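S.K.: So you can see what is in the structure, the chains are spelled out below.
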Amino acid sequence: MQLSALARLVLRLVTYAVLAVVYLPLALIFVLSFNSAKSIAWPPVGFSTRWWEGFLEVESARDALLSSARLAFVAMLIAIVLGSMLAFALQRYEFYGKNFISFLAVLPIALPGIVTGVALRNTFVRFGWDLGFLSVVAGHATFCIVVAHNNVIARLRRIAPTLREASADLGATPFQTFRLVTWPLIRSAVLAGGILAFALSFDEVVVTTFTAGAGVQTLPQWILNNFSRPNVLPYVTVMATLVMLVSLPIAWLAQRLGDSNPG
Amino acid sequence: MKKVGALAVALLGAVTLGACGGGDDSGAMLDELGDGEGAVNLVAWAGYVEDGSTDPNVDWVSDFEAETGCEVNVKIGNSSDEMVELMQSGEYDAVSASGDATLRLIAGGDVVPVNTDLIPNYADVFEGLKNKPWNSVDGKAYGVPHGRGANLLVYNTDAGAAPSSIVDMFSPDSPYAGKISVYDSPIYIADAAIYLMATQPELGITNPYALDQAQFDAALAALETQKSIVGQYWALYTDQQAALENGSITLGTTWQVIVNLAKANGAKIDSTLHNEGATGWSDTWMVSSKAKHPNCAYMWLNHIISPKANAGVAEWFGEAPSNAKSCALTADPNHCATYHADDEDYFSKVYYWTTPTKECLDGRDVECVPYTEWVNAWNKLRA
Amino acid sequence: MWGLLSAPLAWLLVVYVGSLALLVVSAFFSLDDFTGKPTTELTTSNISEAFTQGEYLSLVVRSVAVASAATLLCFALAMPAAFYIARLASQRTRRALVVALILPLWTGYLVKAFALRAVLAPGSEYGNGGFMSGLIGWSPGFGYVAVTLTLAYLWFPYMLLPIYAGLERLPDSLLDASADLGAGSMRTFRSVMLPLLLPSIAAGSIFTFSLSLGDYITVKIVGGTAQLIGNIIERALLAPNQPLAAAFTLWPMLIMVTYLAVMGRAGAFKNL
Numbered sequence: 106m107q108l109s110a111l112a113r114l115v116l117r118l119v120t121y122a123v124l125a126v127v128y129l130p131l132a133l134i135f136v137l138s139f140n141s142a143k144s145i146a147w148p149p150v151g152f153s154t155r156w157w158e159g160f161l162e163v164e165s166a167r168d169a170l171l172s173s174a175r176l177a178f179v180a181m182l183i184a185i186v187l188g189s190m191l192a193f194a195l196q197r198y199e200f201y202g203k204n205f206i207s208f209l210a211v212l213p214i215a216l217p218g219i220v221t222g223v224a225l226r227n228t229f230v231r232f233g234w235d236l237g238f239l240s241v242v243a244g245h246a247t248f249c250i251v252v253a254h255n256n257v258i259a260r261l262r263r264i265a266p267t268l269r270e271a272s273a274d275l276g277a278t279p280f281q282t283f284r285l286v287t288w289p290l291i292r293s294a295v296l297a298g299g300i301l302a303f304a305l306s307f308d309e310v311v312v313t314t315f316t317a318g319a320g321v322q323t324l325p326q327w328i329l330n331n332f333s334r335p336n337v338l339p340y341v342t343v344m345a346t347l348v349m350l351v352s353l354p355i356a357w358l359a360q361r362l363g364d365s366n367p368g
Numbered sequence: 004m005k006k007v008g009a010l011a012v013a014l015l016g017a018v019t020l021g022a023c024g025g026g027d028d029s030g031a032m033l034d035e036l037g038d039g040e041g042a043v044n045l046v047a048w049a050g051y052v053e054d055g056s057t058d059p060n061v062d063w064v065s066d067f068e069a070e071t072g073c074e075v076n077v078k079i080g081n082s083s084d085e086m087v088e089l090m091q092s093g094e095y096d097a098v099s100a101s102g103d104a105t106l107r108l109i110a111g112g113d114v115v116p117v118n119t120d121l122i123p124n125y126a127d128v129f130e131g132l133k134n135k136p137w138n139s140v141d142g143k144a145y146g147v148p149h150g151r152g153a154n155l156l157v158y159n160t161d162a163g164a165a166p167s168s169i170v171d172m173f174s175p176d177s178p179y180a181g182k183i184s185v186y187d188s189p190i191y192i193a194d195a196a197i198y199l200m201a202t203q204p205e206l207g208i209t210n211p212y213a214l215d216q217a218q219f220d221a222a223l224a225a226l227e228t229q230k231s232i233v234g235q236y237w238a239l240y241t242d243q244q245a246a247l248e249n250g251s252i253t254l255g256t257t258w259q260v261i262v263n264l265a266k267a268n269g270a271k272i273d274s275t276l277h278n279e280g281a282t283g284w285s286d287t288w289m290v291s292s293k294a295k296h297p298n299c300a301y302m303w304l305n306h307i308i309s310p311k312a313n314a315g316v317a318e319w320f321g322e323a324p325s326n327a328k329s330c331a332l333t334a335d336p337n338h339c340a341t342y343h344a345d346d347e348d349y350f351s352k353v354y355y356w357t358t359p360t361k362e363c364l365d366g367r368d369v370e371c372v373p374y375t376e377w378v379n380a381w382n383k384l385r386a
Numbered sequence: 517m518w519g520l521l522s523a524p525l526a527w528l529l530v531v532y533v534g535s536l537a538l539l540v541v542s543a544f545f546s547l548d549d550f551t552g553k554p555t556t557e558l559t560t561s562n563i564s565e566a567f568t569q570g571e572y573l574s575l576v577v578r579s580v581a582v583a584s585a586a587t588l589l590c591f592a593l594a595m596p597a598a599f600y601i602a603r604l605a606s607q608r609t610r611r612a613l614v615v616a617l618i619l620p621l622w623t624g625y626l627v628k629a630f631a632l633r634a635v636l637a638p639g640s641e642y643g644n645g646g647f648m649s650g651l652i653g654w655s656p657g658f659g660y661v662a663v664t665l666t667l668a669y670l671w672f673p674y675m676l677l678p679i680y681a682g683l684e685r686l687p688d689s690l691l692d693a694s695a696d697l698g699a700g701s702m703r704t705f706r707s708v709m710l711p712l713l714l715p716s717i718a719a720g721s722i723f724t725f726s727l728s729l730g731d732y733i734t735v736k737i738v739g740g741t742a743q744l745i746g747n748i749i750e751r752a753l754l755a756p757n758q759p760l761a762a763a764f765t766l767w768p769m770l771i772m773v774t775y776l777a778v779m780g781r782a783g784a785f786k787n788l
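Chains as they are written, first to last, in this note's numbering: chain A, 106 to 368; chain C, 4 to 386; chain R, 517 to 788.
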């Protein structure tokens with residue numbers, strides 16, 4: 106396609122303008138974490154590093170961070186296992202109802218979180234199941250399965266089926282085939298799916314709110330509960346900045362893993 | 004697909020039947036106080052359970068935790084409705100319930116009678132708070148009184164002098180139009196009723212929680228008109244606090260604790276009480292029927308109504324304490340006088356939050372609008 | 517095969533779909549007058565409350581409007597950006613740009629929502645507002661506009677990724693052929709690219725629309741007095757009136773199932 110120089114320029118400007126707009130609010134939070142005043146009003150009142158120095162001592166923040174990490178880790182494991190199984194089943198076999206299953210797998214992400222949250226809470230409460238760590242894990246795993254599944258099935262589709270056949274022809278058992286042929290080809294996709302699932306779970310707040318019991322407070326819940334509390338607000342901006350800084354390299358890594366070619 | 008279909012139907016059936024089960028556990032009143040269970044989960048109004056994280060000098064939780072070994076986890080309930088919902092989940096041990104939650108909790112079997120013999124500090128509670136219609140049934144106490152107060156008005160001192168009338172909250176010509184903050188809960192309809200008591204006496208409202216259909220419709224009409232001048236419906240106390248601090252709100256219904264917090268951050272505001280009569284609260288600490296930590300719950304109840312802790316929370320929140328001995332311990336020696344702690348006459352004119360029922364609370368022979376309709380009407384108003 | 521499928525299937529079907537089914541059933545339960553708890557006595561009053569009251573109908577329309585506006589805004593920004601990156605940017609900058617635009621996805625929903633709150637907070641004669649108000653003296657303030665802008669900001673990467681992937685897959689030969697046949701750029705875009713990109717756009721719009729439709733937290737953070745479907749569901753749940761809340765959840769369920777069906781026909785599921 107040939108585009109005029111003007112068109113090219115406009116497109117380029119739009120792209121970089123979007124980039125700027127995307128990062129501006131995040132930069133603002135970073136700046137505000139050094140604000141000596143405890144507010145988000147602009148302009149910031151003065152420069153101070155005391156929030157960075159003191160935030161590790163805020164017990165509730167530490168606990169929330171650990172809570173989220175534990176939760177996300179468990180949800181990720183469940184999602185990887187179940188999501189991969191689902192991906193294998195859907196990719197390898199043709200059966201009646203396959204489209205329905207695919208649809209089912211998308212539902213947790215396609216339906217608004219509040220519907221999932223209210224539905225799960227209703228079920229847990231009615232059956233008298235304790236709301237606590239496990240109920241949140243159950244909620245998170247449900248939508249994380251989809252994410253892991255997507256990554257694995259996309260990779261499976263790119264792998265030539267002849268490789269498996271060749272392995273079988275050479276006398277390998279299905280398990281050996283999996284271990285020596287399939288797994289090396291899919292493991293970066295599984296990992297990418299796992300990282301994505303971890304991030305999704307770490308960040309999730311709606312389903313968490315409805316399925317968490319008295320003793321659970323994840324980091325997003327902590328942020329939500331404390332952003333409005335002026336005495337804790339500065340620590341929230343510090344925590345937010347930290348989350349940003351930590352997630353960027355992880356995101357980059359996941360991006361690389363997901364894109365890498367099999368073999 | 005047929006196989007999956009049949010499976011789904013069977014599951015649906017099982018799931019529905021399972022839902023119909025729903026066991027009924029009503030816990031009994033505690034006979035003897037045992038050892039603490041190591042933790043206690045509370046549902047409380049903001050400012051009632053302070054552990055130093057809001058203000059390092061405001062802490063009556065740490066000493067409790069050290070003394071009893073019961074680690075306190077508190078979930079802030081932003082409205083009575085939210086508190087009822089939280090208690091129904093059975094995840095919490097005790098709740099500081101206002102009068103519009105207490106009877107719902109009792110009727111729902113979510114709380115149990117409290118054995119006041121196991122709570123030594125109960126003896127010092129003002130007699131005027133014991134065995135009231137909202138905290139006892141058939142002479143059995145369902146909780147211990149926490150304290151009481153009236154809902155105030157907060158106003159920006161730069162915007163004008165203290166408003167003396169509730170009319171400024173409702174009239175379309177209000178000088179505060181667009182910068183008004185209203186409590187986001189169906190119970191606020193009672194405040195509209197109070198407005199009507201003053202401006203439309205012909206409606207004959209005597210109790211803002213006993214509204215027949217005509218009176219109720221009039222209250223809703225007043226609230227509908229008010230929508231155009233409202234700048235904020237606050238559910239989180241911190242939202243109103245932030246709005247007061249940045250000046251986007253210059254008049255609103257409030258609690259003293261919010262005024263104090265915003266003032267400490269530099270907001271130019273003050274509180275006042277309008278002369279038409281106010282809604283208010285008389286709160287009761289209740290114990291859950293499904294409490295997992297009943298002993299710690301009782302220890303907390305005893306602690307929060309102890310003279311020192313009760314004085315602390317009464318001053319922090321801005322209300323009258325329930326323990327008579329607290330008056331000698333408040334930092335401000337006039338606190339009890341300012342908040343009318345012992346003034347039953349004053350509180351006879353405060354309309355405590357109460358659950359409206361079909362049987363009119365003022366004893367009239369007509370049918371009054373029950374609370375479920377208040378909720379529906381409020382939801383539609385806000386939609 | 518059933519072995520492979522049974523564990524995830526059991527989870528999805530029993531736990532998730534079962535919960536949804538239970539929720540739908542519970543919408544027909546009534547609240548006991550005395551205890552205030554849901555009984556198994558059936559009633560249609562919740563359904564009629566949620567589906568016939570004018571205020572709620574207008575609320576639903578408003579929610580669909582906001583979700584649509586956010587989706588369109590996402591598309592309007594993602595399309596040119598994706599096009600530039602996929603077809604005009606140099607090989608080196610291509611990856612960097614994609615990654616740069618996707619990274620914020622990882623920084624967290626709440627962080628971004630509060631960041632936008634810090635940008636859009638209105639000022640007044642009594643106090644300072646947020647970044648925009650402080651910088652140029654004006655901001656749209658909190659309300660439906662702020663909600664739409666924030667939602668578009670939040671879900672932008674979800675729209676960008678599929679469109680970019682779709683553009684990458686577009687064979688150059690088709691575009692060359694179109695040019696050879698005499699079509700100008702706009703014509704090629706409209707008649708060749710867009711139809712081929714439709715499945716990707718549809719896929720991207722599913723996330724953007726669905727996430728916007730049910731959102732209630734962003735509404736609370738930057739919406740001021742605004743209310744969308746999610747807020748009413750939460751209100752009803754906290755009343756507490758779980759059956760009524762369940763009745764309200766039927767709205768987003770119905771809307772999303774319809775939307776998914778339409779997008780499915782546009783080919784969205786092939787590339788999810």
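The set of hints was computed from the structure by calculation and includes no laboratory data. Computed from a predicted structure; not experimentally measured. Backbone N, C-alpha and C fix where the C-beta goes; we use that ideal spot for every residue, glycine too. Some hints here could point you the wrong way.
Using 30 Å as the maximum straight-line C-alpha spacing, the simulated BS3-like pairs for lysine-lysine come out as follows [to be verified]:
#1 C:230 <-> C:295
#2 A:143 <-> C:133
#3 R:553 <-> C:266
#4 C:311 <-> C:361
#5 C:271 <-> R:553
#6 C:143 <-> C:133
#7 R:553 <-> C:311
Covered, in the sense of this in silico footprint (three residues per stretch, anywhere, with C-beta under 8 Å from a C-beta of chain A), are these stretches of chain C [to be verified]:
#8 87 to 95
#9 122 to 136
S.K.: Next, verify each hint and record whether it holds.
M.R.: Hint check results:
1. C:230 <-> C:295: 43 Å, violated
2. A:143 <-> C:133: Violated, at about 42 Å.
3. R:553 <-> C:266: 41 Å, violated
4. C:311 <-> C:361: 41 Å, violated
5. C:271 <-> R:553: 44 Å, violated
6. C:143 <-> C:133: 10 Å, holds
7. R:553 <-> C:311: 38 Å, violated
8. 87 to 95: holds (count 3)
9. 122 to 136: violated (count 0)
The structure fails hints 1, 2, 3, 4, 5, 7, 9 (numbered hints given earlier, in ascending order).
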